[in-house]
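Chain residues, written in single-letter form:
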Amino acid sequence: LAKTTQPISMDSYEGQEVNITCSHNNIATNDYITWYQQFPSQGPRFIIQGYKTKVTNEVASLFIPADRKSSTLSLPRVSLSDTAVYYCLVSRDTGRRALTFGSGTRLQVQP
Amino acid sequence: EPEVTQTPSHQVTQMGQEVILRCVPISNHLYFYWYRQILGQKVEFLVSFYNNEISEKSEIFDDQFSVERPDGSNFTLKIRSTKLEDSAMYFCASRTGLAGGPDTQYFGPGTRLTVL
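Chains A and B, in that order, are what the protein sequence lines are.
Residue numbers for the first sequence follow this note's numbering, beginning at 1374 and rising by one.
Residue numbers for the second sequence follow this note's numbering, beginning at 415 and rising by one.
There may be inaccurate statements among the hints.
Lysine to aspartate or glutamate pairs mimicking DMTMM-like chemistry, simulated, CA-CA at most 25 angstroms apart [as the list claims (entries may be wrong)]:
1) A:1442 - A:1390
2) A:1425 - A:1390
3) A:1442 - A:1387
4) B:492 - B:467
5) A:1427 - A:1390
6) B:492 - B:476
7) B:456 - B:485
8) A:1376 - B:470
9) B:471 - A:1440
10) A:1376 - B:458
11) B:456 - A:1384
12) B:471 - B:432
13) B:492 - B:432
14) A:1376 - B:473
15) B:456 - A:1440
16) B:456 - B:477
17) B:497 - B:482
18) B:471 - B:485
19) B:456 - A:1455
20) B:492 - B:477
21) B:497 - B:485
Negatives, chain B to chain A, calculated, CB over 12 angstroms [stated by the list, open to error]:
22) 433
23) 436
24) 441
25) 466
26) 469
27) 487
28) 493
29) 494
30) 518
31) 519
Here are the computed distance ranges between Cβ atoms for each label pair [what the hints assert, rightly or not]:
32) B:442 - A:1425: 21 to 31 angstroms
33) A:1402 - B:444: 35 to 45 angstroms
34) A:1392 - B:485: 19 to 29 angstroms
35) B:428 - A:1426: 50 to 60 angstroms
36) A:1425 - B:498: 43 to 53 angstroms
37) A:1425 - B:495: 46 to 56 angstroms
38) A:1380 - B:485: 23 to 33 angstroms
39) B:422 - A:1419: 35 to 45 angstroms
40) B:469 - A:1382: 11 to 21 angstroms
Keep in mind that the hints were calculated from the coordinates and are not lab data.
Idealized CB from N, CA, C, for every residue including glycine.
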């Protein structure tokens, strides 16, 4: 599976839009990009998943350029409760399904 | 919204004891997983389970570990003789297994295992 690289940490303030970019240069044709959120001592929570272009749900947007070598998770108007670790994962739609988590991006939202 | 549940939320045991961690996956899901996260470290895959058998396991999942689906709803992880280094959060996950396209794994809240 493609290795992912994302910033170790980010800081933001309440009400701001936060964009977390993940690079996955070796992404394969069958791979999807999935983002999870994890609060301390809790299980990872699925946020959003996409294959190309843009995906939006009630929580976030995911932007994937045409070459798919990177993706950007966009969180609109963050609040203190969005303080968490965010993981970018590349996952196959067939075959091996075990998820490989990296270190993620620790987002700290300040008042 | 359906969710994965896990019990107990916290388990304390003595080194060498057997523990069983329990999970109830989302009801129409067909694939089940166990992951663990040692404090301050990454979430690591342990094992996947489908159609009443292990479909994949990591090098962490040695002979001390076993999984079982004893009935139509529960999915268990057993550690036969716990070691200090087994102390971690253990997460169960499940997915539908529908053919075609992406398939999302949904995680439970975890069981914190403390081995003394």
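Hints, verified against the model:
no., hint, in the structure
1, A:1442 - A:1390, "23 angstroms, holds"
2, A:1425 - A:1390, "21 angstroms, holds"
3, A:1442 - A:1387, "30 angstroms, violated"
4, B:492 - B:467, "15 angstroms, holds"
5, A:1427 - A:1390, "17 angstroms, holds"
6, B:492 - B:476, "11 angstroms, holds"
7, B:456 - B:485, "31 angstroms, violated"
8, A:1376 - B:470, "20 angstroms, holds"
9, B:471 - A:1440, "32 angstroms, violated"
10, A:1376 - B:458, "15 angstroms, holds"
11, B:456 - A:1384, "21 angstroms, holds"
12, B:471 - B:432, "20 angstroms, holds"
13, B:492 - B:432, "7 angstroms, holds"
14, A:1376 - B:473, "19 angstroms, holds"
15, B:456 - A:1440, "28 angstroms, violated"
16, B:456 - B:477, "22 angstroms, holds"
17, B:497 - B:482, "21 angstroms, holds"
18, B:471 - B:485, "22 angstroms, holds"
19, B:456 - A:1455, "20 angstroms, holds"
20, B:492 - B:477, "10 angstroms, holds"
21, B:497 - B:485, "28 angstroms, violated"
22, 433, "18 angstroms, holds"
23, 436, "15 angstroms, holds"
24, 441, "17 angstroms, holds"
25, 466, "17 angstroms, holds"
26, 469, "8 angstroms, violated"
27, 487, "19 angstroms, holds"
28, 493, "19 angstroms, holds"
29, 494, "22 angstroms, holds"
30, 518, "5 angstroms, violated"
31, 519, "6 angstroms, violated"
32, B:442 - A:1425: 21 to 31 angstroms, "28 angstroms, holds"
33, A:1402 - B:444: 35 to 45 angstroms, "25 angstroms, violated"
34, A:1392 - B:485: 19 to 29 angstroms, "45 angstroms, violated"
35, B:428 - A:1426: 50 to 60 angstroms, "54 angstroms, holds"
36, A:1425 - B:498: 43 to 53 angstroms, "46 angstroms, holds"
37, A:1425 - B:495: 46 to 56 angstroms, "48 angstroms, holds"
38, A:1380 - B:485: 23 to 33 angstroms, "44 angstroms, violated"
39, B:422 - A:1419: 35 to 45 angstroms, "24 angstroms, violated"
40, B:469 - A:1382: 11 to 21 angstroms, "35 angstroms, violated"
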